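Residue numbers (the working numbering), protein chains in the order written: chain A, 163 to 365; chain B, 17 to 404.
Some hints could be false.
[Unchecked claim] Within a straight-line C-alpha distance of at most 30 Å, the following computed BS3-like cross-link-like pairs (lysine-lysine) qualify:
hint, chain 1, residue 1, chain 2, residue 2
1, B, K37, A, K287
2, B, K77, A, K321
3, A, K194, B, K37
[What the hints assert, rightly or not] Which chain A residues stay away from chain B? Per the calculated CB distances, all over 10 Å, these:
hint, residue
4, A191
5, I235
6, N240
7, F248
8, E296
9, T334
10, C360
11, S362
Treat the hints as calculated values from the structure; they're not laboratory data.
These figures come from a predicted structure and were not determined experimentally.
Just so you know, even glycine gets a beta-carbon here, dropped at the ideal spot from N, CA and C.
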Amino acid sequence: MALSKTVWTLTPDAFERLLSSFDSDREYAGQKYENTRRKLLEFFEARGSHTPDEHADETFNRVARKIVEGEVIENLNNYCYGVARFLWMEASRGRAKEPVVLDDDHAPSTVSGADDEEREQLRQKREQRLECFEECLRKLPNETRTFIVEYYREENGLKIEQRKQQAARLNTSLNALRLRASRLRRELGACINSCLSCISDDS
Amino acid sequence: MEQQLAFEETCERYLLGELSKAEREQFEESYFADDALFDRFLAVKDELLDAYARGELAEEKRTRFAQHFLATAPRRQQLDETQEFIRAVTAFSTKKDKGKAMIAVASGGLSGRQSDAVGTALPAMHVPSPMALGVTTDKSSWWKSLVDFFKLRSFALPTALAAALLLILFSGALVMIQFQTDVVRLEVDYVYKNIENNNIAPSPVPATHNSSAANTNIAVKSTSKNPANNNQTPTNTNAASSNPTPKSPTDREPPVVTVRPPTHIASIMLLPVASRDINKANTLQLSSDTRAVRVGLSFKNDDYRNYNAKLTTVAGASVWQQKTLKADIGGANKSVTLQFAPALLRQQDYIVTLTGQTAAGQTETIGEYYFRVERSSSQNKQTQTPQP
Numbered sequence: 163m164a165l166s167k168t169v170w171t172l173t174p175d176a177f178e179r180l181l182s183s184f185d186s187d188r189e190y191a192g193q194k195y196e197n198t199r200r201k202l203l204e205f206f207e208a209r210g211s212h213t214p215d216e217h218a219d220e221t222f223n224r225v226a227r228k229i230v231e232g233e234v235i236e237n238l239n240n241y242c243y244g245v246a247r248f249l250w251m252e253a254s255r256g257r258a259k260e261p262v263v264l265d266d267d268h269a270p271s272t273v274s275g276a277d278d279e280e281r282e283q284l285r286q287k288r289e290q291r292l293e294c295f296e297e298c299l300r301k302l303p304n305e306t307r308t309f310i311v312e313y314y315r316e317e318n319g320l321k322i323e324q325r326k327q328q329a330a331r332l333n334t335s336l337n338a339l340r341l342r343a344s345r346l347r348r349e350l351g352a353c354i355n356s357c358l359s360c361i362s363d364d365s
Numbered sequence: 017m018e019q020q021l022a023f024e025e026t027c028e029r030y031l032l033g034e035l036s037k038a039e040r041e042q043f044e045e046s047y048f049a050d051d052a053l054f055d056r057f058l059a060v061k062d063e064l065l066d067a068y069a070r071g072e073l074a075e076e077k078r079t080r081f082a083q084h085f086l087a088t089a090p091r092r093q094q095l096d097e098t099q100e101f102i103r104a105v106t107a108f109s110t111k112k113d114k115g116k117a118m119i120a121v122a123s124g125g126l127s128g129r130q131s132d133a134v135g136t137a138l139p140a141m142h143v144p145s146p147m148a149l150g151v152t153t154d155k156s157s158w159w160k161s162l163v164d165f166f167k168l169r170s171f172a173l174p175t176a177l178a179a180a181l182l183l184i185l186f187s188g189a190l191v192m193i194q195f196q197t198d199v200v201r202l203e204v205d206y207v208y209k210n211i212e213n214n215n216i217a218p219s220p221v222p223a224t225h226n227s228s229a230a231n232t233n234i235a236v237k238s239t240s241k242n243p244a245n246n247n248q249t250p251t252n253t254n255a256a257s258s259n260p261t262p263k264s265p266t267d268r269e270p271p272v273v274t275v276r277p278p279t280h281i282a283s284i285m286l287l288p289v290a291s292r293d294i295n296k297a298n299t300l301q302l303s304s305d306t307r308a309v310r311v312g313l314s315f316k317n318d319d320y321r322n323y324n325a326k327l328t329t330v331a332g333a334s335v336w337q338q339k340t341l342k343a344d345i346g347g348a349n350k351s352v353t354l355q356f357a358p359a360l361l362r363q364q365d366y367i368v369t370l371t372g373q374t375a376a377g378q379t380e381t382i383g384e385y386y387f388r389v390e391r392s393s394s395q396n397k398q399t400q401t402p403q404p
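All chains, please: the whole structure from these sequences, using the hints.
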């Protein structure tokens, strides 16, 4: 997707000002920033973006620039949404002029064409990810770990029915169960990414 | 409840690209303004991905999901991550269950009553010598002495029987541990086999050994009675671990073998043809069970350094492409094999264009291949218990 990036670059000071626009408390501001970023990703994904990360970053760049330029923003989330919509329209205008980009990264490497070294790297990467996953899972309190394992593990039979039983046993609604599982999974994902970055830093 | 269902429906329609422009913008404004609502939306999205990964979506919704949601690489990546997550959780769970079983065996692995019996039998393993018990050593009546021994020293009989029982149970437990170890090894092998062999969404069931060569799919599952692993009557696993009541290995049921219909890899071999006629030979049947598509392209031509294949619809829309393919040689013919996810294909006609790259770096078209995709509904799983 064509994306005309701003010539303006995000400075550390501009980023700080963007963060403090979310909240005066830096920790909360970080959480709110992440949450809005996630919303932007969903927005661009829903529109078929092949690079939602890039689009979300560019949205923040533009918002930060406006803040630095002195624009008073009352509702930052709404403002980000507006900028994202504008950015997408802008990107869509250039889309027709571009050749169709094929998703090469989705193409699986075939047996005949795959490189052994590449395959070994992939295997190691997955192994590391699995190790990190186990480490993160072990860090969870027993009850939480049991919950997530029971919720997600593969079973013979319909999972939906099993989750209903799990909800009944925990005396909660299926919706609350799903929300909890979804949040825990995201937390686990963050833990795994942090663990993987530690591994890559070490190596 | 109704509100929740309506919300879920809106989320799903949003994810499947079925909301009108106005509805979509209204929904987006809502989730940008409301963090709690956005959390609920993410939960619905997770659930949808999870259901697709497990093959639990209804056929019609599955098709819509594959056609719209999986149209972009970032979302396909999310599906891969979901499948990987399910596999990792299941592998962790299996490991944990195996660990519990080993602890149970090490501590007797028996029911409360049996455990008590063993508890009293263990000291009796140290059997006193006949001399110490005052038994006669008369050789002519050894059997009589034996009878007398059991008659006079009644405590010795249960002692000996308990010891024998313990030995039998211990042997049985060892066999079960070996069996479970083999199953876990099979699962791990399967996961790595999938990782090493392809990137195509493998079956999300790690306990499934997918033999693509034989085109059969057999899942072996240990029917451990550990409460944490019992689907029919799930209980709190914390309570289970604090008060374990594992059954004796001899009480365990035989392993269940689940046989799945051989529909996981759909293959077709195509020849370059001059016309776009569609017949049985170039029609690819897909079902919801299909996990991968293999398309062989046969040709007679000079050597090329490598080959590129591009899949398009007959209207010319690009669907997929693969570069730097290598050819397999079979007799006078050569072929290249493409492998990709069935989610890329709809029920329509496709063209694959095969090109070769010469040593000089020039690209030449080798041929075009036409095929039709037909989708059918999935088959039911069958379960059988093997005969001993």
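For each hint, the structure was consulted:
Distance restraint check for K37/B and K287/A: the Cα-Cα separation of roughly 41 Å exceeds the 30 Å cut-off, and the hinted pair is therefore not satisfied. Between K77/B and K321/A the alpha-carbon distance is near 17 Å, which keeps this suggested pair within the 30 Å criterion. Pair hint K194/A plus K37/B holds up; C-alpha atoms about 27 Å apart against a cutoff of 30 Å. Chain B leaves A191/A outside its interface by the beta-carbon criterion, the shortest separation being 14 Å against a cut-off of 10 Å.
I235/A, annotated as away from the interface, keeps every beta carbon of chain B farther than 10 Å; the closest lies near 13 Å. Its beta-carbon lying about 6 Å from the closest one in chain B, N240/A breaks the requirement of being farther than 10 Å from that chain. No Cβ of chain B comes within 10 Å of the Cβ of F248/A; the nearest lies about 13 Å off, and the non-interface call holds. Consistency note on E296/A: stated as away from chain B, yet its beta-carbon is not over 10 Å from all of that chain's, at 6 Å minimum.
With a least beta-carbon separation of about 13 Å from chain B, T334/A lies farther than 10 Å from that chain, consistent with its non-interface assignment. At roughly 18 Å, the least C-beta separation between C360/A and chain B is larger than 10 Å, which holds for a residue marked as non-interface. The claim that S362/A lies off the interface holds: its Cβ sits roughly 18 Å from the closest Cβ of chain B, which is beyond the 10 Å cut-off.
This entry does not satisfy hints 1, 6 and 8, going by the numbered hints stated previously.
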